[in-house]
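Undergrad: One-letter residues, chain by chain:
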Amino acid sequence: MSHMHHMRVGPVRFRVASHWAGPIAELRRLYADYPALSGEAATATARIEAARPWRRWVRPAVHIGGDYTIPDALPLPLSQGLLAAEMAMNLQVALGWRQHLLLHASSVERGGRAIIMVGASGSGKSTLAAQLGEGLGEGDWRLLGDEFAMLGLDDGQLSPFPRLISLKNEAIAAMERLVPAARLGPAITGTPKGTIRHLVPRADAIARMDERATPALLLFPTFGGEPGLRPVAPSEAFMRLTDSSTNYVALGEAGFAALTKLVRDVPAVAIGYASGEQGMAAVEALWADLRP
Amino acid sequence: MNAVNNLVAALRDPASVAALDGDGWSGLISVARAEVLLGTLAHRVADQALPPAVAALLNAARIAADQAQVHALWEAEMCARALAPLGVRFVLLKGTAYAAAGLPCAAGRQIGDLDILVPRDRLDEVEAALLGAGWEWVKDDPYDQAYYRQHMHELPPLIHGTRDRMIDVHHTILPLTARVAPDAAAMLADSSPLKGGGLYVLSPADMTIHCAAHLIADGDLAGGLRNLWDFHCLLSTFGDDAFWPALKQRAAHHQLWPATHRAARIAHHLFGTPIPLGWQGWHLSDRLFIRRLTARDGWGRETRPLTRLAFTIRAHMLRMPPLMLAKHLWAKWRTR
Chain A
1 MSHMHHMRVG PVRFRVASHW AGPIAELRRL YADYPALSGE AATATARIEA ARPWRRWVRP
61 AVHIGGDYTI PDALPLPLSQ GLLAAEMAMN LQVALGWRQH LLLHASSVER GGRAIIMVGA
121 SGSGKSTLAA QLGEGLGEGD WRLLGDEFAM LGLDDGQLSP FPRLISLKNE AIAAMERLVP
181 AARLGPAITG TPKGTIRHLV PRADAIARMD ERATPALLLF PTFGGEPGLR PVAPSEAFMR
241 LTDSSTNYVA LGEAGFAALT KLVRDVPAVA IGYASGEQGM AAVEALWADL RP
Chain B
1 MNAVNNLVAA LRDPASVAAL DGDGWSGLIS VARAEVLLGT LAHRVADQAL PPAVAALLNA
61 ARIAADQAQV HALWEAEMCA RALAPLGVRF VLLKGTAYAA AGLPCAAGRQ IGDLDILVPR
121 DRLDEVEAAL LGAGWEWVKD DPYDQAYYRQ HMHELPPLIH GTRDRMIDVH HTILPLTARV
181 APDAAAMLAD SSPLKGGGLY VLSPADMTIH CAAHLIADGD LAGGLRNLWD FHCLLSTFGD
241 DAFWPALKQR AAHHQLWPAT HRAARIAHHL FGTPIPLGWQ GWHLSDRLFI RRLTARDGWG
301 RETRPLTRLA FTIRAHMLRM PPLMLAKHLW AKWRTR
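Protein chains in written order, with my numbering: chain A, 1 to 292; chain B, 1 to 336.
Source of the hints: derived by calculation from the structure; they are not laboratory data.
Positions of the beta carbon are idealized from the N, C-alpha and C atoms, including for glycine.
One should not assume that every hint holds.
Claimed, not checked - Pairwise CB distance ranges, derived in the manner of DEER restraints: (1) A:D155 / B:A80: 37 to 43 Å; (2) A:T195 / B:L309: 38 to 44 Å; (3) A:K261 / B:H316: 50 to 56 Å; (4) B:L284 / A:T195: 55 to 61 Å.
Said to hold, decoys possible - To be clear about the criterion: a stretch of chain A counts as covered by chain B if any three or more of its residues have a C-beta under 8 Å from a C-beta of chain B, and this derived list gives those stretches: (5) 7-17; (6) 31-43; (7) 252-261.
Claimed, not checked - Some, not all, of what chain B presents toward chain A, calculated at C-beta under 8 Å: (8) W25; (9) R33; (10) A61.
Start from the sequences and build out the full structure, keeping to the hints where you can.
TA: Encoded structure:
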C-alpha cells in the first residue's frame, strides 16, 4: 500500500498502512520516538483503507482493518483517520495477541511495582494514569500503558505497552495547559465519544518500555462517584477482570492461572473521586499503606 | 516470491522459511492469519530456526490453537450428552472430527462451528433435543427458516445460549438444490466410532470426499487454502495402494469424483501431495482454481476481484438452478 509506518510498542511490532498520506504522517510524527522495526518482522498489521473503492475520493470513509477486522464496524470520516489508525492497532492486539493476558486497563509503575486500573469507559482510569504519568501527583510514576495491561502468563509480570493516550473531552483542556503541543495529536471532533486528542506518553515511558513491573495494586476507579474506598474481594476482582479481558477465554487454563494468581497476590480497592487531585491523593494514600 | 506463495511453500517445505527476511515474515504472518492458517503454520515450522519475535508469536499461536481444540472437543461432548437419550448416531465433520480422531491435519487447525451429520429421518428429534439443551436459533426470520428446511443440507444454524458456540446440524453434505446428490445414508452407515466414547467420524474415504466437496463443489473457495491443506493431510495420511481405488470408487458413488480428482490435482500441484501417477496431469481450468486460492497480497488483502466474482457466480450456480436463484435473491432483496 502506498503509505506505511512501522514501530515497536512494548512487545508488539506494528506495521500500519493506508491509502491516504494524512493519517500515516500523523502517526509518524506522534510515534517518532518509538523504536523502528529496522528489518524485523511485524507481528501485527493494521490497515486503514477506503470503505469502498470510490470512498477513497468521494466523501472519504475509513474502514478499520488489518489482520483482524470487525466486518460490520461503521467506517469513520477521513478527518478521523488518526483515530481509525489507533483503533485498528488496538483491534489487532485485542483480537490477535496471545502472548500475555490482556486486561483493558491503564497502569502506572513506581519502584518496579505497578498499579493496574480497571473500569468502563468514562471511569477516569485513563485520565488518572495520564495525570500520574505526567508527574502531577506526589510520587514519581511512570506510565506503563493506557489501553491494555499485558500480564505475563508464566511470571505474572506486567509488560509496558505505552501506546498513545487518548484524551477525551474535559481531560483535553487540562492536559493542553501542561504539555508542549509537539506531544499532542490533532483535536478530533465529532467522534462517538466526543472530542478526542492523542497524547504521546512522557519520554521515560517510551525509553523504558522494556522494563517490566510487578503488579502491586488493583484499582477500580469511578470518577464522579461517591468519594471513598471499598476493598474488593478477590472473587469480585476476578469476575471484573475476566470481563475486561479480550483474550481470557482464548487462553484457557493459562489465562485462568495468571488471573487467579493476580487476584490472590494483589490487593484490590474500588475508589470514588470527584476531581483529579482527589483521585491522585487517594492513590498516594493507598500506595503508602501497601506493604512494600 | 509473494506472501501467499511463501505460505504455500512454508506449509509444503518448512525449511523454506529460512530464506525469509523481516518483510517476508510480515507478509507471511498476515496472509496466514487471513487464511486462518497461523496455528497450522506455527506447528509446521516449530522445529525451524526463527527470529525471536516470530518464534514467540508462533509459540503463542500454537498454544492458542491447542486450547481452541480443547474447547471444540468439549462442545462435541456437550452435543453427545444432549443427544444421548435419542440413541441416534451422529457423526462429527470437518475440524472437530480431525481433532477428535487425532489426525495430522488437526495440528494447529482453527475450529469454528461444530458440524455434525445425522440421519435425515431423525432431524426433528435432534433439533428438539438441542433446543431443549440450551441451543437457540441464530436466524429467526421465517423465510430463512423455511429456506434452510426446504433446500439446504443442514438446519438453520443454532448457537448455545451460554457457551456461545454454533452448531451446524447436517443431514447430507451438499445443498439439496445442488446438481450433485451424495449418498448421506451410506456415509452414516460406514462411519466408525472413535476409541473411548460414543463419537463417530466418517470413513477415511468419505472424510476425504467430504473435504473435496466442501472445497470444490460448494461455496466460492474463500478460505479454500485451509480446506486444501486439510485435503493434502488426509491424502498423505490415508493414501496407500488400497486407498486410491477405494477413494475413486466411493467418490463416483457420491457423484463427487470430478471434485475429488480436481482437489487431488491442485493439492499435488501446490503442496506436492503424493497421488497416483494416473491421477496427475493438468486441466486448463485448474489454473483458475489456483488463481482463486492464492488471491491475496502481502497485506493479507484479497486480490483478483474478477476471479473472485467468477467463483462467487459459480458457487450460486452450483447451489441452485437460475430461476430458483432469482426467486431467492428477490425474496432476500425485498426483506433487506
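Undergrad: Evaluate each hint against the coordinates.
TA: Going through the hints against the structure:
1. A:D155 / B:A80: 37 to 43 Å: The hint (37 to 43 Å, Cβ to Cβ) holds, given that D155 (chain A) and A80 (chain B) are roughly 39 Å apart.
2. A:T195 / B:L309: 38 to 44 Å: Holds, since T195 (chain A) and L309 (chain B) (Cβ atoms, about 42 Å apart) stay within the stated range.
3. A:K261 / B:H316: 50 to 56 Å: Given about 53 Å between the Cβ atoms, the range holds.
4. B:L284 / A:T195: 55 to 61 Å: Distance hint for L284 (chain B), T195 (chain A) holds at roughly 59 Å.
5. 7-17: holds (count 4)
6. 31-43: Since 6 is at least three, the answer is holds.
7. 252-261: Satisfied; 3 residues make the cut.
8. W25: Holds, because the Cβ-Cβ distance from W25 (chain B) to chain A comes to roughly 3 Å (cut-off 8 Å).
9. R33: Since chain A brings a Cβ to about 4 Å from R33 (chain B), closer than 8 Å, the hint holds.
10. A61: holds (6 Å)
No hint from the list above goes unmet by this structure.
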